[in-house]
Amino acid sequence: MDPKLKKTKDSSSNSANSPDSTHSSFPFPDEVLERVLSLLHSHKDRSSVSLVCKDWYNAERWTRTKLFIGNCYSVSPEIVARRFPRIKSVTLKGKPRFSDFNLVPQYWGADVHSWLVMFAKVYPFLEELRLKRMTLSDESLKFLATSFPGFKALSLLSCDGFSTDGLKAIATHCKNLTELDIQENGIDDFGGGWLSCFSENCSSLEVLNFASLSSDVSFDALEKLVRRCKSLRILKVNKSISLDQLQQLLVQAPQLIELGTGSFQQELTPRQYEDLETAFSKCKNLQTLSGLWEATSLHLPVLYAACASLTFLNLSYATLRSDELAKLVAHSPNLRRLWVLDTVEDKGLETVGSSCPLLEELRVYPADPFELDLHHGVTEAGFLAVSHGCRKLHYVLYFCRQMTNAAVATIVQNCPDFTHFRLCIMNPGEPDYLTNEPMDEAFGAVVKTCTNLQRLAVSGLLTDLTFEYIGRYAKNLETLSVAFAGSSDRGMQCVLQGCPKLRKLEIRDSPFGNAALLSGVEKYETMRSLWMSACNVTMSACRLLAKDMPRLNVEVMRDEGSDDRQADKVYVYRSVAGPRRDAPPFVLTL
Amino acid sequence: MSPPPLGVGEDEGHSNAMLLASLASLESICRNGSDLKEHNYLGLSDCSSVDSSNISITSEDDSGRGLNLKATELRLGIPGSRSPERNSEPCPLNSVKLDEKLLFPLCPMKTVVTGNKRGFSDAMDGYTEGKDISTLEVNLIPSPRPSVNSNVKVGSAKENPATQPAKMKEAMSQNAVEEIPHTKSENILNHVNRANNEKSAPATKAQVVGWPPIKQFRKSTLASASKNTEEVDGKTSGTALFVKVSMDGAPYLRKVDLKTYSAYQELSSSLEKMFSGFTINQYASHGVPSKEMLVESKLNNLLRGSEYVLTYEDKDGDWMLVGDVPWEMFITTCKRLRIMKSSDAIGLAPRAVEKMSRQKIAT
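Going line by line, the protein sequences match chains A and B.
Its first residue numbered 2, the first sequence is counted upward by one per residue in the numbering used here.
Its first residue numbered 356, the second sequence is counted upward by one per residue in the numbering used here.
You may find that some hints are simply not true.
[Unchecked claim] To give an idea of the chain B side of the interface with chain A (calculated C-beta under 8 Å), a few residues:
#, residue
1, W566
2, P567
3, I569
4, K570
5, Q571
6, R573
7, T576
8, L577
9, P606
10, L613
11, Y616
12, K690
13, R693
If you're looking for bench data, these hints aren't it; they were derived computationally from the structure.
This one's a predicted model, so the numbers in the text were calculated from it and none came from an experiment.
Ideal Cβ positions, reconstructed from N, Cα and C, are used throughout, including at glycine.
All chains, full assembly: derive it from the sequences and hints.
Structure follows, in structure tokens:
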């Protein structure tokens, strides 16, 4: 298809229309409109633009270079290829988020290969591919590496199906690679030999993240790579890299903006310790620090010099105590984002509250999620302490074992700007531990006070009242995660009827049934997806939904041995591509 | 229906609801074929989830997935018929298993003591109490044998064995019942019950699939991290076991605490890193095909590829080759370590090579 030919055809049809159309046709030629629109980057803006009129739709599709597909099954590669001729960068998301927690069986789908085949045909100059929760094989990686000569950036987050052999193909064939970002994938690690596959001529790397791979890489190859890639700004190594090796790397790359260390525990000679300290002090541009596996108070001080410029400190793999954290954050007054393990306890969080006034995001992960002892981890006190000191807090992910309604109410009074509030009280159905009441008022306070709330995850003992509050007040809510909550269909109905901006609703183990499911019939086409597992939904209701809404894909997965009528896992999403053609036998599309 | 015995409070009933809830999604775990080892609810790495969450699957499931689920099937067997597979399940640090075995002798009917049992009977309790809940459906897997699906959990170790026979009996009688309350209706019941009861110590906690919502990668990383912290703590609280390490040609000696390692492989990689400045062996792994080979070849490389042999002086003053005896025995007899040049260890070296290829390195 000759692009020029298509364009003139379009503009001639437009000019035929222009005398009749009033304000919908622009007095500017297409070229100018395209020039203007090419400055738009947000895909949401571009979506809006494309709906204005036919001219704008066309101008937009010709100028879009970045493709974002939030649900790979909502559209097909063919449809995409037809609409967008000039794509350089693709972001694709696949499985429902609950697949992160093993709620989605393996071989469910979201295989990227058919997309790659289409891209090779239509976008031979593709440069970037970012996948999240997709499945890809080593063959796909090899295909990717060999089909796109200008390929630059690969980012794989929470993907599965491939091995380090696939990475070898990427390192070997992508001569202009600028980014290789492998995060938290379920892959087979056959050794670190892939790193040695980068050619000696490769000097274009800017981002290298292999922190989540387990096996050793050749330090020699890594060091040489770091030395010749002068534009390297993000380097996140894995646990196999020791402290003295890290020092050697830092010496080669003081320009790093983001660093992920390897193992942070090693017997160092005084000289080595000093060298490491010096190396860190030379990293003047460091904004993000992560890794720090097995870090102890013995070696943390080497970081102090670099902490002054830090805006993001990820300690979620370091089992630090409160005093260790205290010293670290005391040196990091510019922190905007902090991720920690709950080994720091409330005391540690108090020091965060007093040392990091600019903090905007806090995540507290549980070091031992299955620990029963209430004397470990963090409580409402820690969260309160942070909220007192960090008034700019707007993103929180907090795993705790106890919480009170009063504490949450105070927290959101201190920090009314929450956009993301994800509270996980780890024992399902846990009430307010002081009053023994449900946690309804806590989340009521959150939605009433935080008018900008976009994302909410609820937990604890919750009745329908929580959802009434959400439906009534959370007018900007886009994502809601529900587990072990609610008392009846009414809860879910309130949310579906009340939250105009709702895009993603994921529910598990809650007593919402057919009435609730069907109350959202009008709503689901405005949303990206709905997930309901271990709820009270039956097959008949799902069939009804599927029948009434042909542009929704209603997929059901049944558990082994469960009743034929029960729809154990329901995944509903809008799609212009029709039902999946690659669904495995355990996924029933209704 | 007898009420739950004292001490076995609503928490357990509640937790059992979670158990049952988890069963629904457990299939998804069992379907995750080769990834089984990653799905570890006890937070232990290298422990198959199937080990820790034993579940009996109907035969249809076995066919498609190639999982040896039969091996993990828990059965209420005839007294004395302990299932042999149990012993071969390679779960490293599973105190629950130990407790199970402990509890077996007490029970006339061999079974796994888990929250699930009580959950079942509690569920039955709830079923009869909560008659207004119309759609109570089976969510446990019916199986031809009188087996009970259960999850072996850390918490169950703390159970009072004496309560088990009573609960078991109840559960057994319920087994025949087709209808089992749906998970979330149990949740409701348990929520209601919970709200009415005082909070008792959460002695047993069933682990629900995918709860708390933490990514698998993080869970397995934290599992190994906590193992390390335990080792580190062990160093300070117990007696440390520092031994001198000398290397031929190095200007100074080092000291290592043998207690911080649990296997030869850890010691060898640690020593490697420690003496990396001196050895000519910059260990590089080039496409080693499998993990097991990786482990062995690492030790081999240190000893072979870099012309060095790792030896130790034992209590009798003899210089021995590292790796012959089990690790635990080694750390009790080792007085000092020496990284010897292979040329010096002429007497040892051929045997070393031979021994290396023969023996299994404990990990």
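Going through the hints against the structure:
The interface hint given for B:W566 is met, as the beta carbon of that residue sits about 6 Å from the closest beta carbon of chain A, less than 8 Å. Given hint, B:P567 at the interface with chain A, holds; its Cβ is 5 Å from that chain's nearest Cβ, closer than 8 Å. Of the supplied interface hints, the one on B:I569 holds, with its beta-carbon coming within about 6 Å of a beta-carbon of chain A, less than 8 Å. Nearest Cβ of chain A to the Cβ of B:K570: about 5 Å, under the 8 Å cut. The hint holds.
Against a cut-off of 8 Å between C-beta atoms, the interface hint on B:Q571 holds, since the closest Cβ of chain A lies about 7 Å away. Taken as an interface hint, B:R573 checks out: its beta carbon lies about 7 Å from the nearest beta carbon of chain A, inside 8 Å. With 8 Å as the threshold, the beta carbon of B:T576 comes within range of chain A, its nearest partner Cβ sitting at about 6 Å, so the hint holds. For B:L577, the interface hint holds, since its Cβ comes within 8 Å of a Cβ in chain A; the closest pair sits about 6 Å apart.
The beta carbon of B:P606 is not positioned within 8 Å of any beta carbon in chain A (closest approach about 11 Å), and the interface hint is therefore violated. Annotation: interface hint on B:L613 violated; nearest CB of chain A at approximately 13 Å, more than 8 Å. For B:Y616, the suggested interface contact is broken, since its CB lies about 12 Å from the closest CB of chain A, more than 8 Å. Nearest Cβ of chain A to the Cβ of B:K690: about 19 Å, over the 8 Å cut. The hint is violated.
At about 17 Å, the closest approach between the beta carbon of B:R693 and any beta carbon in chain A exceeds 8 Å, and the interface hint on this residue is violated.
When held up to the earlier numbered hints, the structure conflicts with 9, 10, 11, 12 and 13 and fits the remainder.
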